[in-house]
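Enquirer: Spelled out from the first residue to the last, the chains are:
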Amino acid sequence: MKKVTFYTLASCFLIFNLILCSVPAFAKEKIVIGFVPMTLNNEYFITMVNGARQKAKELGVDLEVQAADQHASAAAQLTIIENMITAGVDGICIVPSSSEGLVSALERCKASNVPIINLDTKINKEVLDEVGMEVPFYGTDNYAGAAEAGKYVLKHFDKGAKTAILTGIKGQQNAADRRNGFYDQVKDHVNVVAEQSANWEVDQGYTATQNILSANPDLQLIFASNDGMAIGALRAVEEAEKKGQVKIIGFDAISEALNLVENGDMLGTVAQYPAEMGIKGVENITKKINGEKVEMHINTGAKLITKDNVKEHKDYSKQFAD
Amino acid sequence: MEKVNKTESFSKIDIQSLALYIGAVLIFITFTILCGAYGKSFFTLDNMKNIINQSAVIAVIAIGQSIVILTGGIDLSVGSIVGFVGIAGGLLLKSGMPLMMVIGVVIICGCIIGFANGYFVSFGKVPAFIVTLGSMQIIHGLTMVLNTGRPVSGFPSELRMVVSAKIMGIPISIIYVFLLYAIMITVMKKTTLGRWIYAIGGNANAAKLAGVKTKQIEMLAYVFGGLFASIGGIFLLSRLSYADPNAGMGYELDVIAAVVIGGIALSGGKGSIGNTLVGSLILGMLKCGLQILNVPVYFQTIIIGITIIVAVYLDKAKERKAE
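Residue numbers (the numbering used here), protein chains in the order written: chain A, 767 to 1088; chain B, 132 to 454.
Next comes chain A alone, as it looks inside the complex (with noise of 0.2 angstroms):
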């Protein structure tokens, strides 16, 4: 019986701790929005997600954020819309894990008749056949906004500059988008001399990074497929002690790498809206509910942040900091 009264207790716990975090109670008839990123664990989805909290609020609707604990999959994310749709939202904001794995969750929305808008990574066009779904899309996309990083080299950097890449995970669609978007616009300008993944991680591109320069001593510019890895280059060219010879790019514009852009140490990051997406998000599935049309693509941009800019975008930015 001891143990009876101590599963009790823990239940008692249990419904502490629940009462401790569970958000409070909402009235039945205001619209709630379910919001899924991939995950909550970077910068990136923390500032998109306050963005749709700030407008969430604005237009007085109820928002559900949920996420996988640490790796973004489709699994978690079909369970997360299970149970969302069981809790009775309204409609879904989604960041998808990957451009094709939400088949059986979109399967599930469309018979409970719960509207979508696809934000940050695009389904699959193929996926949206399959399901017979049309859903709208708000993001960017990850070539454009290379593209922004390999525009400011033309202009600023000398035709035949020693280029290194850094690369995301080999096969993900935006590790590839983010290369070529560079790639093909510096291609016949600079001299790329090394491209190496290094899976956008620190540790990585700064193994990564030494490496490149034991190779080519006189290299002048690193593009980074990320913040993190630029993050990690940077290391590795203060060891070297090559700081004034080669500037770095990144990509991602978190607050560390505006940081380093402010003191000089990265030439520039590409910045894209996260919190804009989260605010075009709730305010077009609002009125999607409400029953009003809402543009099927918005284009929420990108921009190459150096030293000219950072000033501004940290403001910016700072209205969607926790």
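Worth flagging that the hints you see were computed from the coordinates, not collected in a lab.
We put the beta carbon where it would ideally sit given N, CA and C, even for glycine.
There may be inaccurate statements among the hints.
Derived CB-CB ranges, DEER-like [claimed, not checked]: (1) K876(A) to V257(B): 47 to 57 angstroms; (2) T973(A) to G255(B): 52 to 62 angstroms; (3) Y429(B) to A877(A): 27 to 37 angstroms.
A short list of chain A residues far from chain B (calculated; beta carbon distances all over 10 angstroms) [stated by the list, open to error]: (4) L806; (5) K823; (6) D856; (7) S863; (8) E892; (9) D907; (10) K917; (11) Y918; (12) G926; (13) Y949; (14) K1073; (15) D1088.
List time: in silico SDA-like cross-link candidates among lysine to any residue, alpha-carbon distance up to 20 angstroms [unchecked claim]: (16) K297(B) to A877(A); (17) K256(B) to N336(B); (18) K891(A) to G285(B); (19) K936(A) to S295(B); (20) K297(B) to K796(A); (21) K256(B) to V343(B); (22) K876(A) to K401(B); (23) K876(A) to G285(B); (24) K401(B) to K297(B); (25) K180(B) to E1022(A); (26) K876(A) to N336(B); (27) K876(A) to K256(B); (28) K1053(A) to E824(A); (29) K796(A) to S172(B); (30) K796(A) to Y169(B); (31) K876(A) to S295(B); (32) K1013(A) to G937(A); (33) K1053(A) to G826(A); (34) K180(B) to K936(A).
Given the structure of chain A, go ahead and fit chain B onto it with the hints provided.
Expert: Okay, now just chain B, sitting in the frame of chain A:
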């Protein structure tokens, strides 16, 4: 004499399990009340189906893991087998192989992986943790190599029917889960094989002296581990109709959690497979209920972590008392 023993062991199991069932029911009631208070529905027939459906993959893999843990071992490779089955099965399907044949092939693959694990553990004397830690990496790497790290999609709709078909309104995945558990509970309780598995985990030397072929039986446990992991992999592939090379990552931990919540001792020899199903459902119920209540994701992991420790803490009450 025999009869007395039987009733004794029967009532013992009952009391141990009872606490688990009460815990499960209390969690269930908690969610029903809380969701009710927030104007959301938890205790509906659809959501019950939903929870079992969502728990099916973990519950099925946990059958094999239970057997391995009962022998005193552990199988960390099950999650990677799920990913492997998805990509290998997906590629075979895309190449035009009939669905039933694909299922057969990947299940055989799972058994072979389990066989290799078991061989190194039982005959090779390498600790199970190390063998399966290694094979986890090997299988994950192989999965990446198979399709250069890319996912596979665009499957015929018959694939989804494997687990989504309904019989009299009940999703077939639920029927599979109960059927597989019923079979394995019978095997563990009624057959010599089952008794031998318990015997190895309880005291391998005594079992050996009693004439049990301990090495073969131990190896067989890992074959079960691979078998049920591959079945779980097929469930997931069918549920998503999409194969992701990273699918199943971390599942080994969810599965081990389900087994220990169900009360099987990590040292082996003690516990019942049926309770593993309850353990899996408790995990599924927590995830579903917390998501419906819109508890932030990191609080969910904290609560699930607490549940695992509390469950085992309660399970050890008797041992603490004995000391």
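Enquirer: Next, verify each hint and record whether it holds.
Expert: Right, here's what the structure says about each hint:
Between K876(A) and V257(B) the beta carbons are some 50 angstroms apart, a value that agrees with the proposed interval 47 to 57 angstroms. Checked against the hint of 52 to 62 angstroms, the pair T973(A) and G255(B) fails, with Cβ atoms roughly 34 angstroms apart. Look at Y429(B) against A877(A): about 31 angstroms separates their beta carbons, and that is inside 27 to 37 angstroms. Remark: the non-interface label on L806(A) conflicts with the geometry, its nearest Cβ contact in chain B lying 6 angstroms away (cut-off 10 angstroms).
With a minimum CB-CB distance of about 16 angstroms to chain B, K823(A) clears the 10 angstroms threshold, and the non-interface call stands. A cut-off of 10 angstroms between C-beta atoms confirms that D856(A) is not in contact with chain B; the least separation is 13 angstroms. With 10 angstroms as the threshold on Cβ separation, the claim that S863(A) sits away from chain B is violated: the shortest Cβ distance comes to roughly 8 angstroms. A beta-carbon of chain B comes within 10 angstroms of the beta-carbon of E892(A); the shortest separation is about 6 angstroms.
Once the 10 angstroms rule is applied to beta carbons, D907(A) is consistent with being away from chain B; the minimum gap is 19 angstroms. The non-interface label for K917(A) is consistent with chain B: the shortest C-beta to C-beta separation is roughly 30 angstroms, beyond 10 angstroms. At the 10 angstroms boundary, the C-beta of Y918(A) stays outside the reach of chain B, the nearest C-beta of that chain being 31 angstroms off. The beta carbon of G926(A) sits about 33 angstroms from the closest Cβ of chain B, which is more than 10 angstroms, so the claim that it is off the interface holds.
Y949(A), annotated as away from the interface, keeps every beta carbon of chain B farther than 10 angstroms; the closest lies near 20 angstroms. No beta-carbon of chain B comes within 10 angstroms of the beta-carbon of K1073(A); the shortest separation is about 36 angstroms. No beta-carbon of chain B comes within 10 angstroms of the beta-carbon of D1088(A); the shortest separation is about 13 angstroms. Pair hint K297(B) plus A877(A) holds up; C-alpha atoms about 15 angstroms apart against a cutoff of 20 angstroms.
Pair hint K256(B) plus N336(B) holds up; C-alpha atoms about 15 angstroms apart against a cutoff of 20 angstroms. Our distance criterion of 20 angstroms between C-alpha atoms is met by K891(A) and G285(B), whose separation comes to about 11 angstroms. For the suggested pair K936(A) and S295(B), the alpha carbons sit about 33 angstroms apart, so the restraint of at most 20 angstroms is broken. For the proposed pair K297(B) and K796(A), the alpha carbon gap of about 34 angstroms is over 20 angstroms, so the pair is violated.
A threshold of 20 angstroms between alpha carbons decides the hint, and for K256(B) with V343(B) the separation of about 18 angstroms falls inside it, so the pair holds. As the CA atoms of K876(A) and K401(B) are separated by approximately 46 angstroms, the hinted pair breaks the 20 angstroms bound. Distance hint between K876(A) and G285(B) is fulfilled; the C-alpha atoms sit about 18 angstroms from each other, no more than 20 angstroms. Of the pairs offered as hints, the one joining K401(B) and K297(B) is violated, with about 36 angstroms between alpha carbons and a cut-off of 20 angstroms exceeded.
Note on K180(B) and E1022(A): the hinted pairing is violated, with a Cα-Cα distance of about 46 angstroms set against a maximum of 20 angstroms. For the hint linking K876(A) to N336(B), the alpha-carbon distance of about 59 angstroms lies beyond 20 angstroms, and the restraint is violated. Straight-line distance between C-alpha atoms of K876(A) and K256(B) comes to about 53 angstroms, which puts the hinted pair past the 20 angstroms bound. With a C-alpha separation of about 14 angstroms, the suggested pairing of K1053(A) with E824(A) holds against the 20 angstroms cut-off.
Distance restraint check for K796(A) and S172(B): the Cα-Cα separation of roughly 16 angstroms lies within the 20 angstroms cut-off, and the hinted pair is therefore satisfied. At roughly 13 angstroms between alpha-carbon atoms, K796(A) and Y169(B) fall within 20 angstroms of each other, so this suggested pair holds. Among the hinted pairs, K876(A) with S295(B) is consistent with the structure: their alpha-carbon atoms are about 16 angstroms apart, no more than 20 angstroms. Distance hint between K1013(A) and G937(A) is unfulfilled; the C-alpha atoms sit about 27 angstroms from each other, more than 20 angstroms.
Between K1053(A) and G826(A) the CA atoms are separated by roughly 13 angstroms; this keeps the pair inside 20 angstroms, and the hint holds. Restraint check for K180(B) and K936(A): the C-alpha separation of about 39 angstroms exceeds 20 angstroms, so the hint is violated.
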